[in-house]
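In the order they appear, the protein sequences are chains A and B.
Its first residue numbered 1, the first sequence is counted upward by one per residue in the working numbering.
Its first residue numbered 279, the second sequence is counted upward by one per residue in the working numbering.
None of these hints come from the bench; they were simulated from the model.
Keep in mind that the hints are not guaranteed to be accurate.
What the hints assert, rightly or not - Covered stretches of chain A (in silico footprint by chain B; criterion: 3 or more residues with CB under 8 Å from a CB of chain B, positions within the stretch not fixed):
no., segment
1, 87-96
2, 183-193
3, 261-271
A virtual CB, placed ideally from N, CA and C, is assigned to each residue, including glycine.
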Amino acid sequence: MPSAPSIVRLPGAGAPRMAPRALPRLSFPAGLLLPLIAAAAWEFAAARDWLPSNLLPAPSAIANTLAVLARSGELGEHLVATTLRVAAGFAFGVAAATLLGALCGAVPLARRLLDPSIQGLKSVPSLAWVPLFILWFGIFETSKIILIAVGAFFPVYLALAAGIPGVDRKLVEVARVYRYSTAALVRRVLLPAVLPTYLIGLRSGLALGWMFVVAAELMGASQGLGYLLVDGQQTGKPAIVIASIVLFAVLGKATDLPLARAAARALRWQDGFKQHAS
Amino acid sequence: MLTLDRAAKRFPNGYLALDDISLGIGEGEIVGIVGASGCGKSTLLRLLAGLERPSAGAAAYGGAPLAGPRDEIGVVFQEPRLMPWLSVEANVAFGLRHLPAAERNARAGETLERVGLSHFAKSLPRELSGGMAQRAAIARALAARPKVLLLDEPFSALDAFTRLALQEHLLELWSYDRPTFVLVTHDIDEALALADRIVLMRGHPGRVHREFAVDLPRPRSRTSPRFLAWKEEVLRELHVTAAAGRTAIAAPLLRAAL
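Using the sequences and the hints given, assemble the complete structure.
As structure tokens, this is what we get:
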């Protein structure tokens with residue numbers, strides 16, 4: 001029919017905007033610079049006796065304490081105990097939050113019925129649960145894991161319950177035009193669209209999980225980094241307290257890193273402003 | 279094959295967007311629906327797509343009432359509406375989920391070839407220009423091989439060059455197997471260049487004001503005297519419509535002032 005030239009070569013078709021190539025790598029060396037300089041300055045000040053060593057021991061003394069704990073095998077046990085608690089609590093919390101969040105996000109009736117109560121529970125300071133959980137579940141693992149699960153629950157729930165209704169109506173309509181079933185709509189449109197918020201929810205949930213494990217272990221434990229904190233305080237050894245704090249920082253960062261990496265990979269399609277894992 | 283019979287659309291807030299619309303779309307026809315913005319053209323298209331139900335009257339496809347979207351009716355929206363997380367290829371295959379994977383891929387590849395986007399099959403939507411994204415959206419609709427393709431101001435967000443190119447391209451696609459096109463537009467040139475028939479709408483509430491059968495031979499030159507004469511005719515009708523709209527709004531104001 002029309003003698004139009006092939007559209008591919010028409011100037012108006014415009015040049016494609018190319019994606020930035022590889023994502024910027026997480027630059028560990030630059031990130032390590034600040035802690036290293038701070039530690040060096042600290043060590044220097046401690047060596048000059050500018051700092052009271054009974055309150056703020058030098059980094060070398062803390063490293064020494066860690067080495068002693070590690071050699072005795074005690075450190076490994078504490079790390080494993082704490083990490084397992086966080087893992088179990090996070091897993092339960094995320095599972096419950098994903099189910100309830102998806103339900104309240106996708107089904108208006110469920111949202112009207114459940115969401116107000118869940119939001120109400122969210123405003124209870126989480127530590128207020130501690131006495132109740134101890135009464136109900138005893139002072140052993142169950143109450144600790146449930147407390148951590150409660151901590152991880154809310155950010156993940158919120159990401160889905162608020163994220164799913166926020167999915168672009170226009171994309172949902174495309175699925176309607178192609179007569180997608182509700183299940184297909186959820187799987188092919190709603191879940192991918194809500195993935196960015198969900199991953200952020202997971203990362204905040206994990207951070208809260210690490211926060212709550214301390215509370216859980218402070219309320220009575222014979223193992224774990226939280227126990228180590230209390231032990232250091234009661235025996236008057238600041239080196240142990242600071243060592244535990246450093247370990248928490250390292251563990252938190254180390255577990256967040258794979259999540260951040262997975263997020264960066266899964267969200268390659270986002271057209272964001274200066275995207276990289278943070 | 280696609281008809282509206284005295285259809286009206288009143289929205290839950292009480293606004294009457296369309297009133298008493300009777301319209302028949304024949305097989306293989308290109309129908310242009312033209313009117314000022316806000317005159318209900320898009321609502322009309324949504325009724326034809328089965329995305330909205332008429333609040334009075336009826337919409338029917340092939341004689342049967344239209345109860346919702348159908349496989350035979352494809353839609354291209356004003357925005358490309360590509361899934362940003364899917365490759366261009368997967369977006370084109372989005373409406374083919376009922377087919378086995380091999381056939382789905384073959385069909386998507388073939389349609390991408392037809393719209394000239396084969397090189398971008400693996401790209402993400404954010405890597406496409408506006409015109410390319412809209413072509414991908416057209417490919418997604420065509421891949422499902424609809425009998426009727428409804429286009430809601432598909433080129434209005436594009437620059438003039440891209441718009442011209444895509445209009446020609448649309449005609450080229452039409453010439454393959456002559457599906458039925460219903461094109462909503464506010465661009466008179468676009469309607470005259472493409473349509474066999476132009477339906478002029480008037481708004482508040484949206485009604486069909488006039489229909490023209492465009493008897494210009496194809497391919498159409500946009501600068502031929504006959505084309506320009508047609509344009510003048512449609513413009514004159516539009517001005518009448520606009521003037522009538524103005525009086526309708528002005529009259530109560532005048533009354534209030536007196």
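Evaluation of the provided hints:
By the rule of at least three residues with a Cβ nearer than 8 Å to a Cβ of chain B, the coverage given for the segment 87-96 of chain A is violated, with 0 such residues. Given as covered by chain B, the segment 183-193 of chain A passes the check, having 5 residues with a CB less than 8 Å from a CB of that chain where 3 are the minimum. Interface restraint, the segment 261-271 of chain A with chain B: holds (4 residues with C-beta to C-beta distance below 8 Å; minimum three).
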